[in-house]
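Chemist: Please model the complete structure; the sequences and the hints are all you need to start from.
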Amino acid sequence: MVETIMENLYRIEVPLPNSPLKELNSYVIKGDKRNLVIDTGFNRETCFKAMTEGLSFLNIDLSKTDFFITHMHADHAGLVARLATDTSTIYFSKIDSRVYRSEDNWRLMLDYAGINGFPAGELADALKNHPGLKYSPRDLPEFTLVHDGDVITVGDFRLQCLWTPGHTQGHICLFDEGKRLLFSGDHVLYDITPHIESWAYQINSLRDYMTSLDRVYDLPVDLVLPGHRSLFSDLKGRIDELKEHHRHRAGEVLTVMDGRAMAAYEIAAGMTWDIDCEQWEDFPIAQKWFATGETIAHLRYLESEGKINRNAEGAVVTFSAL
Numbered sequence: 076m077v078e079t080i081m082e083n084l085y086r087i088e089v090p091l092p093n094s095p096l097k098e099l100n101s102y103v104i105k106g107d108k109r110n111l112v113i114d115t116g117f118n119r120e121t122c123f124k125a126m127t128e129g130l131s132f133l134n135i136d137l138s139k140t141d142f143f144i145t146h147m148h149a150d151h152a153g154l155v156a157r158l159a160t161d162t163s164t165i166y167f168s169k170i171d172s173r174v175y176r177s178e179d180n181w182r183l184m185l186d187y188a189g190i191n192g193f194p195a196g197e198l199a200d201a202l203k204n205h206p207g208l209k210y211s212p213r214d215l216p217e218f219t220l221v222h223d224g225d226v227i228t229v230g231d232f233r234l235q236c237l238w239t240p241g242h243t244q245g246h247i248c249l250f251d252e253g254k255r256l257l258f259s260g261d262h263v264l265y266d267i268t269p270h271i272e273s274w275a276y277q278i279n280s281l282r283d284y285m286t287s288l289d290r291v292y293d294l295p296v297d298l299v300l301p302g303h304r305s306l307f308s309d310l311k312g313r314i315d316e317l318k319e320h321h322r323h324r325a326g327e328v329l330t331v332m333d334g335r336a337m338a339a340y341e342i343a344a345g346m347t348w349d350i351d352c353e354q355w356e357d358f359p360i361a362q363k364w365f366a367t368g369e370t371i372a373h374l375r376y377l378e379s380e381g382k383i384n385r386n387a388e389g390a391v392v393t394f395s396a397l
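Residue numbers (our numbering): 76 to 397.
Simulated from the structure, these hints should not be mistaken for laboratory data. In this text, a Cβ means the ideal position worked out from N, Cα and C, and glycines have one as well. Some hints here could point you the wrong way.
Said to hold, decoys possible - In silico DSS-like cross-links for lysine-lysine, where the CA-CA straight-line distance does not exceed 25 Å:
1) LYS124 <-> LYS105
2) LYS254 <-> LYS108
3) LYS97 <-> LYS203
4) LYS108 <-> LYS139
5) LYS139 <-> LYS169
6) LYS97 <-> LYS318
7) LYS209 <-> LYS97
8) LYS318 <-> LYS382
9) LYS124 <-> LYS97
Claimed, not checked - Across the chosen pairs, the derived CB separations fall in these ranges:
10) THR127 <-> ASN386: 48 to 56 Å
11) ILE190 <-> THR268: 20 to 28 Å
12) LEU208 <-> VAL77: 26 to 34 Å
13) SER379 <-> THR330: 17 to 25 Å
14) ASN204 <-> GLY389: 22 to 30 Å
15) LYS254 <-> GLY224: 14 to 22 Å
16) PRO359 <-> GLU380: 26 to 34 Å
Modeler: Pasting the structure below:
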């Protein structure tokens, strides 16, 4: 489905099969000389069909089209290599590009999951079923690396890059001050809560995320265009809700621990999750992975706030309340 948002700005709804996210919002900006596509969908035929049909409906000439990827996740970056042409510029953050090209990234994530209690026998399945591995670009294209403060001009749209780490280390939003628009990627979503996970001790994803929410809080915005679900206008109100959500989740982590020393995987199993399963054992392996990563992010945040202690002396890291 293609929706006109305003003159020269459109949304293509790209289905994400078997994903709780349901759809990706891909935005298309038409310019006089060049066009810009913001995010692309999984590298799956269903997504490719939706994107190519939407672009055709809009009479987009891909040889005159550039791409901006808000962050490295496959539901945003997956199709860019298939859609881009030899004349396309692909804008991507330097930080996420470095992670994307790292040969050790998946191994390091698996190792970190293991020391946080993820069962060794399930790690291979977790990797095999991870959408980031299954639906990413098969061949990485050349990126034009963007940094905080860079400006991309398309027609009469002037898009400022805002570095907003949290959902990923290199996540970037696009802000058009003149049109009072914020393309928020997965930094601020309206109907659902952005997934914040951590797979390396040196990365305090939730602390970064809360700081990044503060960064965009006072932007003069009339319309927020997120990576998934509904467009919305009340940026401040939604940020307040997201902050309260994470305060509540951090409190739930402490409640589950209840004075015991526990591994992140154990804590995740005791948390409440918005998934249609009666018990933890019934969770799909990919959802166990995401739940554990989110729990680690909250534990790392609580540790940095002086609320819990981390014990890394054994084979499995445990946490206990102070």
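Chemist: So if I understand the rule, the pair passes when the alpha-carbon distance is 25 Å or less; does LYS209 with LYS97 pass?
Modeler: Measuring from Cα to Cα gives roughly 17 Å; hence the hint holds.
Chemist: Is the distance from the Cβ of LYS254 to the Cβ of GLY224 consistent with 14 to 22 Å?
Modeler: About 18 Å separates the Cβ atoms of LYS254 and GLY224, which means 14 to 22 Å holds.
Chemist: Within 25 Å, alpha carbon to alpha carbon, are LYS124 and LYS105?
Modeler: holds, 20 Å
Chemist: Given the proposed pairing of LYS318 with LYS382, does the C-alpha separation stay at or below 25 Å?
Modeler: Answer holds: LYS318 to LYS382 is near 18 Å, not above 25 Å.
Chemist: Regarding the pair LYS254 and LYS108, is the alpha-carbon distance no greater than 25 Å?
Modeler: At roughly 20 Å apart (the allowed maximum being 25 Å), LYS108 and LYS254 satisfy the hint.
Chemist: Please verify whether LYS124 and LYS97 have alpha carbons no more than 25 Å apart.
Modeler: holds, 16 Å
Chemist: Is 17 to 25 Å a correct range for the gap between the Cβ atoms of SER379 and THR330?
Modeler: holds, 19 Å
Chemist: Within a Cα-Cα threshold of 25 Å, do LYS97 and LYS318 meet the stated pairing?
Modeler: holds, 24 Å
Chemist: Using the Cβ atoms, figure out if LEU208 sits within 26 to 34 Å of VAL77.
Modeler: Between LEU208 and VAL77, where Cβ atoms are some 30 Å apart, the hint holds.
Chemist: For the pair supplied as a hint, LYS108 and LYS139, confirm whether the alpha-carbon distance does not exceed 25 Å.
Modeler: holds, 7 Å
Chemist: Is the gap between the beta carbons of ILE190 and THR268 within 20 to 28 Å?
Modeler: Once the Cβ atoms are compared, 26 Å apart, the range 20 to 28 Å for THR268 and ILE190 holds.
Chemist: For the pair ASN204 and GLY389, does the Cβ-Cβ distance stay inside 22 to 30 Å?
Modeler: Between ASN204 and GLY389, where Cβ atoms are some 28 Å apart, the hint holds.
Of the numbered hints given earlier, the model fails none.
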